[in-house]
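Participant: Here's the letter readout for the chains.
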Amino acid sequence: MWGLWTAVGLVVAAGLGLGLVFAAADRVALTGAGPKALVEPVRSALRSLLEQRRTTLAPDRLLWRTACAAVPVLALLSMAVVPVGDRTLLSTSADLVWFNAMEALLWAAVWLIGWGPNAVHSLVGGYRFLAQGVAYELPLMFAIITAGLGAGSLRTTDVVAAQSDLWFVVTMPVAFVVFLGSAAAFAFWGPFAAPAGADIAGGVLSELSGVERLLVEAGRVVLLGASAAMAAALFLGGGSGPWLPDPVWQLLKTLLVTAVLVGVGRRLPVLRPDRAVELAWMVLVPATLLQALVVALLVLAGAYG
Amino acid sequence: MDLTGRIRRWALGRPRVLVIDAPGGERFRWQLEDELDRRHWPLALSPADTDLALVLGRPGAQLAAAIELLWSQVPQPRHRQDIAADGDLPAQLDAASVALVDAANRTEPVQPGAQTQLGNLGPEPDDVDDEHAGHSGHEGHHMHHGGDVAGLAMADTAPDRDGLTLDVLRVALGPVLPGWPTGLVLTGSMQGDVLTGVELAWVDGSDDPNHGVLQATPQAVAMDQLARILLVAGWPTAAAAARRARRDLSGSHPQRAAQTQRAAARVASRVRGSRALRWSVQGIGSTDRGMTPAGSAHAAGDVWGGVRHWCDVAAGGEPVPVAGSPRSLTEASILLEGSELAAARLVVATMDLERPATRVETESTGV
Amino acid sequence: MSDQTTLQTVLTVAAALVGVGLFGALSQQSIVMVMMGLELVVNGVMLGAGAAWFFLTPDLPDAQMLVVIALVVMAVEMAMGFAATIAIYRARQVDMVDMATDLHG
Amino acid sequence: MNDTLLSDPAVIAVVVLGAVSVGSGIAVFVVDSMARATFALLVSFLAIAGVLLALDLVYLAVVTALMMTIEMAIMAVFMIMFMMNPAGLMPMTMVHNGRGSAAVGFVAFVALTVGIWTTDWPSRRGQPPADTTRQLGEAIMGSHMLVMLVVGIGLFATILSGTILATGRGRYDRFGADLRATRPDDPTPGGLPR
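Chains as they are written, first to last, in the working numbering: chain A, 35 to 339; chain B, 32 to 398; chain C, 1458 to 1562; chain D, 85 to 278.
Don't take each hint at face value.
Derived CB-CB ranges, DEER-like [unchecked claim]: (1) D:222 <-> A:336: 18 to 24 Å; (2) A:83 <-> C:1519: 32 to 38 Å; (3) A:301 <-> D:210: 56 to 62 Å; (4) D:230 <-> B:304: 53 to 59 Å; (5) B:304 <-> A:281: 38 to 44 Å; (6) A:37 <-> C:1516: 30 to 36 Å; (7) A:313 <-> D:247: 16 to 22 Å; (8) A:83 <-> B:129: 19 to 25 Å; (9) D:269 <-> B:121: 54 to 60 Å; (10) B:300 <-> A:298: 16 to 22 Å; (11) A:37 <-> C:1534: 41 to 47 Å; (12) A:245 <-> D:265: 52 to 58 Å.
Derived by calculation from the structure, the hints in this document are not laboratory data. If you're wondering where the values come from, they're calculated on a predicted model, not measured in any experiment. No residue lacks a Cβ here, since even glycine has one placed at the ideal position from N, Cα and C.
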């Protein structure tokens, strides 16, 4: 059994590491500068530390600052239920719901980042994020629950164990794709970056500088990294694989998911939220429900052992 | 050099740049953007995100005042530099970079201004106080006393498209925004993110006598417009590709002309062929309402039509006769009425707006 | 603390939440604020049910079901409250309970 | 079993979280700003979720946090829509009958507290299950299925009636008086080809 502080430290390190990997991959895809761009996230972080925090006219400072600090904390908390090896820092009987709840709490945080500074673009970004959040919450929930359904448990370690014969992605492709898409939506990244879009001068990020910008940006990439690790655990069999030890396999799968996510996400333009939201309600919700139905029938037929 | 100094220099080695181009400096802006792309210096989206503010050309009095206000919101460390068109561009950027590190080494107690965002820059500094985002009281009904707080007027209410009478905010966009024609100011009311009562005006722009003379092929101009649209539409990788193609098109390498043409055509067909972009922008700014004269450059009348048009020109296709294509501001403001903020930004980015040829004193737009 | 004292303390907290919520629901003028008061009352109910489950009958799921029902009640209350607010506002430009009572005039 | 059911740190956590919950519950009606009131309410809910977590009701705790956060975030939008002065830039009071309401609230609290402290609570019956989430799930799908059926129908009815109450447009507005329009006439078209 790990000591508590070791475990916390490991989760924080794993979260930051995965976030850094994601940020580096993202920067390479974005700038096309090759491997040299890999250090850019570190450079940006240092630059943010050098920068002054700024304020705006009549902001709600308490809520604003709290929300900025909450984003990375929530991302790390969602990392706490991601299985590393065959254990998690926090093994509850409802890990999957925990992961989802942290993303829901992110709503409140991002909304407040948009609201706090009392500025037009920022507020519009907050509105966009809420609309996006409402639309993608249900598909995400159904996607996560589908994995739980296949395993017959909400515990992530049970979900990984249930895939010893067959990876869930084979029978749950829709849930897998929706999970990754929703993760991008909750981190307002890639095609779902409308809340921080260039058309609203950076939206929720438009008034952030210095440490606060660093916190929010770090939270976003940590969430994306944690989601990639979670996707590997929930749908790609976690650490299972031949020859190599489990954690190595898990890391490889996580890196693969990261690469695919970045590669696809940076190939697309931002989807305008008013259109994407209709797609989420009218297509993704029924699609994920059907997916859950199919998996439920497979469970009844005994397909998952 | 001590370690901290070295780290500081490294950290600021890729400063985020806010380019402010006084009208008429397009060609020079292209060179600057190419140089920034070469150095991988990212473009800033807002003052909060800015390290370096580079001012191109000679801004007129009103634009200069707006720049001053914007500059007051940039957090330390920061550096602002006027870039001269006839100077050595890389040398000037190197100098700016050094000056930025110097600024970081000095610890100045200057606080950035407590203004809200650059979206709030009105044509006159007095207007800034009128804009006020979310904190909206209902002046129009119940026992509320109206008035203003912290110099900010409370919001008013007005009928909206859902039949609810909700708050409206007075907003002003411009004159400096990413992907926005510098010097253009949009004033209007906003409910949620829907703009009404839109009025457009140019601030005085440039003092430069060579103002408005852009020596470039229509193809390169179209590629520039495409880069702007893609930036606003949120497709940074394609925007960078368009900027690269623009550089090659405006360069003088006759021996590589065929290659340049192929590259330009590739960028154009990538944008044209993007289903995601088409799905996102189709129907925005549609002129179904019969506002646009026939024969306008925008075949389908919407942003996607505009994108296709610019792609055709940028790919070197036959230059579509653009009879009367630069739209007047009045025409544009009618088109923007009732559109969402994002849609308005896309429509403006797609339009080839007519700039006043000489200095114009804008009358007060009645905010 | 003995178990009984702990239970009583937790229930007292629940009672305080109910009291504060009642005060809010009765005193506030804005419909949204009234709803917040009601939510606090239900919050107290949830806490009480959870404590009762843990300290009294952990072998039965009934108290857990009560928490679930409390959550559902809150969701329904929210949804219907906002729907009613929009309907009233659409008709009368009113979002305050005092003014809504004029409706039967 | 000579030990108490809750360990000492857990008791401390429960008491502190309870105090936070009540304190932020009071703050809801004290702060000027609607934004702060909404998020004070959220803090109150999250504190209760923390207590439920300490009481080993993990699923309920997490679901409470999830649902209440979403509710509060949506409430924030409504508050901006409908509230005067949501940021509290101008301090103002919007209460009626404050004294009477306070009296009612206080009397309710005192009555409940007296009841709580004078009752001789029975001792714990039975043992908690190994997996509380499973206990709840089996109840929902088994012995208490009827409750969940009613709740499900109730929620469905809420979705329908809420939408009908809130919307200002019916199908005649969208498809024309004779319902013959092939494409609905909406203020914003949305992303599906319809």
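Participant: For every hint, state whether the structure bears it out.
Facilitator: Each hint tested on the structure:
1. Look at residue 222 of chain D against residue 336 of chain A: about 20 Å separates their beta carbons, and that is inside 18 to 24 Å.
2. Under the hint 32 to 38 Å, the C-beta atoms of residue 83 of chain A and residue 1519 of chain C, about 54 Å apart, miss the expected range.
3. Roughly 58 Å separates the CB atoms of residue 301 of chain A and residue 210 of chain D, a value that falls within the hinted 56 to 62 Å.
4. A C-beta distance of roughly 56 Å is found between residue 230 of chain D and residue 304 of chain B, which places it inside the suggested range of 53 to 59 Å.
5. Checking the proposed 38 to 44 Å range against residue 304 of chain B and residue 281 of chain A shows it holds: the Cβ atoms sit about 42 Å from each other.
6. Taking the beta carbon of each, residue 37 of chain A and residue 1516 of chain C are about 33 Å apart, inside 30 to 36 Å as hinted.
7. At about 20 Å, the CB distance of residue 313 of chain A to residue 247 of chain D agrees with the hint of 16 to 22 Å.
8. The beta-carbon spacing between residue 83 of chain A and residue 129 of chain B, approximately 21 Å, falls within the hinted interval of 19 to 25 Å.
9. The hint said 54 to 60 Å for the Cβ distance between residue 269 of chain D and residue 121 of chain B, and at roughly 56 Å that hint holds.
10. Range check, residue 300 of chain B to residue 298 of chain A: Cβ separation about 20 Å, and the 16 to 22 Å hint holds.
11. For residue 37 of chain A and residue 1534 of chain C, the hinted distance range of 41 to 47 Å is satisfied, since their beta carbons lie about 44 Å from each other.
12. The supplied range of 52 to 58 Å is met by residue 245 of chain A and residue 265 of chain D, whose beta-carbon atoms lie about 54 Å from each other.
When held up to the earlier numbered hints, the structure conflicts with hint 2 and nothing else.
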